[in-house]
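Colleague: Below, each chain spelled out in residue letters.
Number of protein chains: 2
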Amino acid sequence: MPKMSFENHIMTQFDEELEEIRTQLMEMGGKVEQQLKDSIQAVIKADSNLAEEVIREERLVDEMEVDIDEACILIIARRQPAASDLRFVMMVTKAINDLERIGDEARKIANHAVILSEQDGLSQGYKEVRHLGDSVSGMLANALDAFARFDVEAAMKTLEEDAQVDLDYKSALRELVTYMMEDPRSISRAINVLWVVRSLERIGDHAKNLCEQIVYVVKGKDIRHQ
Amino acid sequence: MPKMSFENHIMTQFDEELEEIRTQLMEMGGKVEQQLKDSIQAVIKADSNLAEEVIREERLVDEMEVDIDEACILIIARRQPAASDLRFVMMVTKAINDLERIGDEARKIANHAVILSEQDGLSQGYKEVRHLGDSVSGMLANALDAFARFDVEAAMKTLEEDAQVDLDYKSALRELVTYMMEDPRSISRAINVLWVVRSLERIGDHAKNLCEQIVYVVKGKDIRHQ
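Those sequence lines, one after another, are chains A and B.
Take -11 as the starting number for the first sequence in the numbering used here and just add one per residue.
Take -11 as the starting number for the second sequence in the numbering used here and just add one per residue.
In isolation and in its complexed conformation, chain A is listed as follows (with noise of 0.2 Å):
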């Protein structure tokens, strides 16, 4: 029936829609996920020129969230989607503002980067980025692999991941207070490395939040708060 097939070619065409902003939004999340690598090994290795890059780069990720933003509310306008289709949606428009985010924390780490490539001191700290920046990758990949997967059982295991990167955070923390008490030359820079800890603690948090959005579009519960 003609009809019928027009209506088949109307929701096909809804379907690679979504198709689109889903791998738009994996796209953003592999670049997000770069920046932050970069963003610590430019740390670990004093290396301002990789810095740099990390924060002339932050404007992509941004241009990324306008686009997917402006996809998602055309989406939204022109074919009313309604019950999960809209739930998805709606997650999307959440999950890029938590993308953004952890580019934006990704970037201020990168600027950290560079202003402790021109400080004199010891690398005192760095052992503390690269353990809590190993988790904290860690947990941001897991949590992109369940979103591509729309994998509620990996978002929830990867939701559990937060508890140690919690204590890794803390645990860095002390260290960095003791390294300033034993030489208050070195409490400047001990302070870069301090905020450069606090980013990565946040950018765990960000991808908390992705993996709560995983499972609130797959069960359609709200798991925020709990």
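Note that these hints are calculated values from the structure, not bench results.
A quick note: this is a predicted structure, and the numbers were derived from the prediction, not measured.
Possibly wrong hints are sitting among the right ones.
Put simply, identical chains are the same to the list, so a pair is met inside one copy or across any two.
To be verified - Straight-line distance between alpha carbons at most 25 Å, and here's what the computed DSS-like set of lysine-lysine pairs gives:
{"id": "1", "residue 1": "Lys33", "residue 2": "Lys82"}
{"id": "2", "residue 1": "Lys82", "residue 2": "Lys207"}
{"id": "3", "residue 1": "Lys96", "residue 2": "Lys33"}
{"id": "4", "residue 1": "Lys25", "residue 2": "Lys115"}
{"id": "5", "residue 1": "Lys207", "residue 2": "Lys19"}
Given the coordinates of chain A, assemble chain B onto it according to the supplied hints.
Modeller: Just chain B, lined up with the frame of chain A:
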């Protein structure tokens, strides 16, 4: 802004629904504003009771976010709003996220107020907290006023206040580092003040986001990342 001149009964109900989420949003804004003020007072007056109250009441802010979010999704699903109404609803879902994060920062400030109230030491850093706290509270109040009146001009003016907040923030950081260097025994305490100052600066950023959203919904123009 919800249009007020519909003749059709169903449309009037729709207007009422839009007005309802706007009212809920303003209530949430008022609650968050109070949480911020109380958390700053708790630090300055070393009032751990007030701090505990802020920590307890964060739950209310979280509940408001979930309720408003659900109301927005229901409106989109049932009413299928177009153009400016859709932009308004989408903006609300973003604004409540910023408000919730402001509430979250206020709770963090309150946590540090509890720790600070138990630590010995001079009240160094409190002058900075009061000063920055005033700037940030003022900025949030102006952002919420601009929201209530959908006043783009007021929103743009409030956006400019962020530059002053950033200056106050940087000056507070410098003072704190000086205190630490002068008296290494104050380091642990000063770092708690440092986190308070950082949270205040973040709240300024969220107030800025709120203003950008007003411009977006009124002008249909995305000025983020500009």
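Colleague: Work down the list of hints and note, for each, if the structure agrees.
Modeller: Consistency of the hints with the structure:
1. Lys33 - Lys82: The answer is neither: 34 Å in one copy and 37 Å across copies each exceed 25 Å.
2. Lys82 - Lys207: both (16 Å within a copy, 22 Å between copies)
3. Lys96 - Lys33: The answer is within: 16 Å in one copy meets 25 Å, while 32 Å across copies does not.
4. Lys25 - Lys115: within (15 Å within a copy, 38 Å between copies)
5. Lys207 - Lys19: neither (28 Å within a copy, 30 Å between copies)
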